Amino acid sequence: MSDSHELSRRDFIKVTTGIVGGLIGAVVGLPSVFYLIDPALREGGKDAWIPIGKFEDMQVGTPYPFSFTRVQVNGWERTASSFGGYAVRRSDSPDDLLVLNSRCTHLACTVNWSEEGRVFLCPCHDAAFSMEGEVLNGPPPRALDIYEEHRVNEEGIVEIFFKEG
Amino acid sequence: MWNNIYAWLDERLGFNDLYTNLLDRPEPKTSWWNTLGSASLFLFILQGLTGIFLTVYYTPSPDHAYDSITYIMEGVAFGWLIRGIHHWGATLMVLVVFIHMLRVFFTASFKYPRELTWLIGIGLFLTTLGMGFTGYLLPWNQKAYWATTVGTQIAGTVPFIGEFILKVLRGGPELSALTLQRFFAAHIWIIPAILAALIGIHLYLIIKHGESHFPEKED
Ligand code: HEM
Ligand code: FES
Chain A
1 MSDSHELSRR DFIKVTTGIV GGLIGAVVGL PSVFYLIDPA LREGGKDAWI PIGKFEDMQV
61 GTPYPFSFTR VQVNGWERTA SSFGGYAVRR SDSPDDLLVL NSRCTHLACT VNWSEEGRVF
121 LCPCHDAAFS MEGEVLNGPP PRALDIYEEH RVNEEGIVEI FFKEG
Chain B
1 MWNNIYAWLD ERLGFNDLYT NLLDRPEPKT SWWNTLGSAS LFLFILQGLT GIFLTVYYTP
61 SPDHAYDSIT YIMEGVAFGW LIRGIHHWGA TLMVLVVFIH MLRVFFTASF KYPRELTWLI
121 GIGLFLTTLG MGFTGYLLPW NQKAYWATTV GTQIAGTVPF IGEFILKVLR GGPELSALTL
181 QRFFAAHIWI IPAILAALIG IHLYLIIKHG ESHFPEKED
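Heads up: the protein sequence lines correspond to chains A and B, in order. Under my numbering, the first residue of the first sequence is numbered 1, with each subsequent residue one higher. Under my numbering, the first residue of the second sequence is numbered 1, with each subsequent residue one higher.
None of these hints come from the bench; they were simulated from the model. Please read these numbers as outputs of a predicted model, since none were measured by experiment. Worth double-checking, as some hints may not be accurate.
Computed beta-carbon distance windows for the label pairs [as the list claims (entries may be wrong)]:
id, chain 1, residue 1, chain 2, residue 2, range
1, A, Ile19, B, Ala39, 15 to 21 Å
2, B, Gln181, A, Pro141, 41 to 47 Å
3, A, Arg70, B, Met1, 39 to 45 Å
Here are the computed lysine to aspartate or glutamate pairs in the DMTMM-like style, where the Cα-Cα straight-line distance is at most 25 Å [what the hints assert, rightly or not]:
id, chain 1, residue 1, chain 2, residue 2
4, A, Lys46, B, Glu74
5, B, Lys29, B, Glu174
6, A, Lys14, B, Glu74
7, A, Lys163, A, Asp95
8, B, Lys111, B, Glu11
9, A, Lys14, B, Glu11
10, A, Lys14, B, Asp17
11, B, Lys143, B, Glu211
12, A, Lys54, A, Asp145
13, B, Lys111, B, Glu211
14, B, Lys143, B, Glu163
15, A, Lys163, A, Glu148
16, A, Lys46, A, Glu132
17, A, Lys46, B, Asp67
18, A, Lys54, A, Glu148
19, B, Lys143, A, Glu77
20, A, Lys14, B, Glu211
21, B, Lys29, A, Glu77
22, B, Lys29, B, Glu11
23, B, Lys217, B, Glu11
24, A, Lys163, A, Asp38
25, A, Lys14, B, Glu27
26, A, Lys14, B, Asp24
27, B, Lys143, B, Glu115
28, B, Lys143, B, Asp67
29, B, Lys208, B, Asp63
30, A, Lys46, A, Glu149
31, A, Lys54, A, Asp11
32, B, Lys217, B, Glu115
33, B, Lys208, B, Glu27
Stretch by stretch, here's where chain A covers chain B in the computed footprint (C-beta under 8 Å, at least three residues) [to be verified]:
id, segment
34, 55 to 65
35, 175 to 181
Don't be surprised by glycine CBs; every beta carbon is placed ideally from N, CA and C.
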């Protein structure tokens, strides 16, 4: 009899320790997960129309380079990130404008227009893209991204719609 | 199948022996006072975990230390909780370690064969204080800055080598970025490593000798 009493007392301790330990683990553990992944749960910044250059400066047949920076508050610091691309006029029609993102679709290096080859070259793994952004050579899985939404404002400046994140 | 896996692992790792020796040791008649060492160990682990989490956002630079802590408190999900546990846990740990030491003193548990356990314990208490002293500077606010100014100035009053000690602590004659950086290194690497090693020896000795029997009236 005293034997079984001993046992149940010990089991009681074990179970209580388990429950209390589990509770403490949950109270510290669950918030910790959210604490660690918090930056990944944040929404990106604001969308905006970004001016990229005068329409009259963009020549048919020559990609027009542009770049801009967006400033975001990350934690306790403001971080400026650069973006860029090329505006490509394919014909005289003002609607026939293609705005390419110069971020390589392989692993995100920046492509440059090469006037001799008349292609966009990526310095990182030797990719080549046509003036329209199609992959001609190298590892990229798809054509250069394009800024779909763009417009020419009253002052004749081309603006692109930029979505952050 | 689980039984087989368990038996296989137990044969090589010796869980059962560990269990009997660590958690199922014979004890004299004990009281709640005997739990304070385990409470200290728990607090150490809790401080270690929450401290590691704090370093995910904290920056030990005079330009950003204060801002990064404000961000932990106001910007990060549950940052207030993690920092709160670390902040109050630090004070509680000093308190619990100290009361544990008092209990060992009043029950005369430091006597043969436990003198070394006691000496290591003194080291544990001092390193715990060192954790508090170095951690206190890290928020780099007014209170932290002046507390460290005063604390290191006191260390500077040691005869002959005082000025040298002061310069070693501050990384120069005045408080600077170097002071914050070295306090941070001491707080997260050097002192915790010493503390962990001392805890290891302390626990080994406790398991080797078992808990002491409290003295009776006639002892
Ligand atoms: C083991 C016992 C420990 C004690 C007694 C202790 C004590 C302290 C104290 C008193 C503070 C200042 C509290 C405040 O005003 O915020 C602090 C801050 C800090 N501790 Fe610890 N700490 C311990 C362990 C650790 C460990 C192991 C780490 C990291 C591996 C760590 C990382 C930090 C960091 C990053 C801060 C700055 C954030 C803040 O001040 O809130 N601590 N600690
Ligand atoms: S990143 Fe452009 S080719 Fe690899």
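Evaluation of the provided hints:
Remark: the range hint 15 to 21 Å for Ile19(A) to Ala39(B) is upheld by a beta-carbon distance near 18 Å. Between Gln181(B) and Pro141(A) the CB atoms are about 44 Å apart, so this pair conforms to the stated range of 41 to 47 Å. For the pair Arg70(A) and Met1(B), the supplied restraint of 39 to 45 Å is violated, since their beta-carbon distance comes to about 57 Å. A distance of roughly 21 Å separates the Cα atoms of Lys46(A) and Glu74(B); the hinted pair therefore holds under the 25 Å criterion.
For the given pair, Lys29(B) sits about 54 Å from Glu174(B) by alpha-carbon distance, which is inconsistent with the 25 Å threshold. Distance hint between Lys14(A) and Glu74(B) is unfulfilled; the C-alpha atoms sit about 39 Å from each other, more than 25 Å. Between the alpha carbons of Lys163(A) and Asp95(A) the distance comes to roughly 21 Å, so the proposed pair stays at or under 25 Å and holds. Only pairs whose Cα atoms come within 25 Å are accepted, and Lys111(B) paired with Glu11(B) is rejected, the gap being roughly 38 Å.
Taking the CA atoms of Lys14(A) and Glu11(B), the gap is about 24 Å. The hint holds against a cut of 25 Å. As the CA atoms of Lys14(A) and Asp17(B) are separated by approximately 18 Å, the hinted pair is consistent with the 25 Å bound. Between the alpha carbons of Lys143(B) and Glu211(B) the distance comes to roughly 42 Å, so the proposed pair goes past 25 Å and is violated. This hinted pair checks out: Lys54(A) and Asp145(A) have alpha carbons roughly 22 Å apart, not beyond 25 Å.
A threshold of 25 Å between alpha carbons decides the hint, and for Lys111(B) with Glu211(B) the separation of about 12 Å falls inside it, so the pair holds. Pair hint Lys143(B) plus Glu163(B) holds up; C-alpha atoms about 23 Å apart against a cutoff of 25 Å. Restraint check: the Cα-Cα separation between Lys163(A) and Glu148(A) comes to about 11 Å, which is no more than 25 Å; the hinted pair holds. Simply put, Lys46(A) and Glu132(A) have alpha-carbon atoms about 29 Å apart, too far for the 25 Å limit, and the pair is violated.
Between Lys46(A) and Asp67(B) the CA atoms are separated by roughly 24 Å; this keeps the pair inside 25 Å, and the hint holds. Between Lys54(A) and Glu148(A) the alpha-carbon distance is near 18 Å, which keeps this suggested pair within the 25 Å criterion. For the given pair, Lys143(B) sits about 24 Å from Glu77(A) by alpha-carbon distance, which is consistent with the 25 Å threshold. As the CA atoms of Lys14(A) and Glu211(B) are separated by approximately 20 Å, the hinted pair is consistent with the 25 Å bound.
Proximity of Lys29(B) to Glu77(A) is assessed by CA-CA distance (about 58 Å); at most 25 Å being required, the pair is judged violated. Simply put, Lys29(B) and Glu11(B) have alpha-carbon atoms about 33 Å apart, too far for the 25 Å limit, and the pair is violated. Restraint check for Lys217(B) and Glu11(B): not satisfied, since their Cα atoms lie roughly 46 Å apart, outside the 25 Å limit. For the given pair, Lys163(A) sits about 21 Å from Asp38(A) by alpha-carbon distance, which is consistent with the 25 Å threshold.
Using a Cα cut-off of 25 Å, the hinted pair Lys14(A) and Glu27(B) holds, with the two alpha carbons roughly 17 Å apart. For the suggested pair Lys14(A) and Asp24(B), the alpha carbons sit about 11 Å apart, so the restraint of at most 25 Å is met. Taken as a hint, the Lys143(B) and Glu115(B) pair is broken in the structure, with Cα atoms around 39 Å apart against an allowance of 25 Å. Taking the CA atoms of Lys143(B) and Asp67(B), the gap is about 15 Å. The hint holds against a cut of 25 Å.
A threshold of 25 Å between alpha carbons decides the hint, and for Lys208(B) with Asp63(B) the separation of about 49 Å lies outside it, so the pair is violated. For the hint linking Lys46(A) to Glu149(A), the alpha-carbon distance of about 16 Å falls within 25 Å, and the restraint holds. Using a Cα cut-off of 25 Å, the hinted pair Lys54(A) and Asp11(A) is violated, with the two alpha carbons roughly 80 Å apart. Taking the CA atoms of Lys217(B) and Glu115(B), the gap is near 23 Å; set against the 25 Å cutoff, the hint holds.
Between Lys208(B) and Glu27(B) the alpha-carbon distance is near 12 Å, which keeps this suggested pair within the 25 Å criterion. Here the segment 55 to 65 of chain B counts 4 residues with a CB under 8 Å from a CB of chain A, which clears the bar of 3, and the coverage holds. Note: the segment 175 to 181 of chain B has 0 residues with beta-carbon separation from chain A under 8 Å; the three-residue rule is not met and the coverage is violated.
Violated hints, listed in ascending order, are 3, 5, 6, 8, 11, 16, 21, 22, 23, 27, 29, 31 and 35; each of the other numbered hints is respected by the structure.
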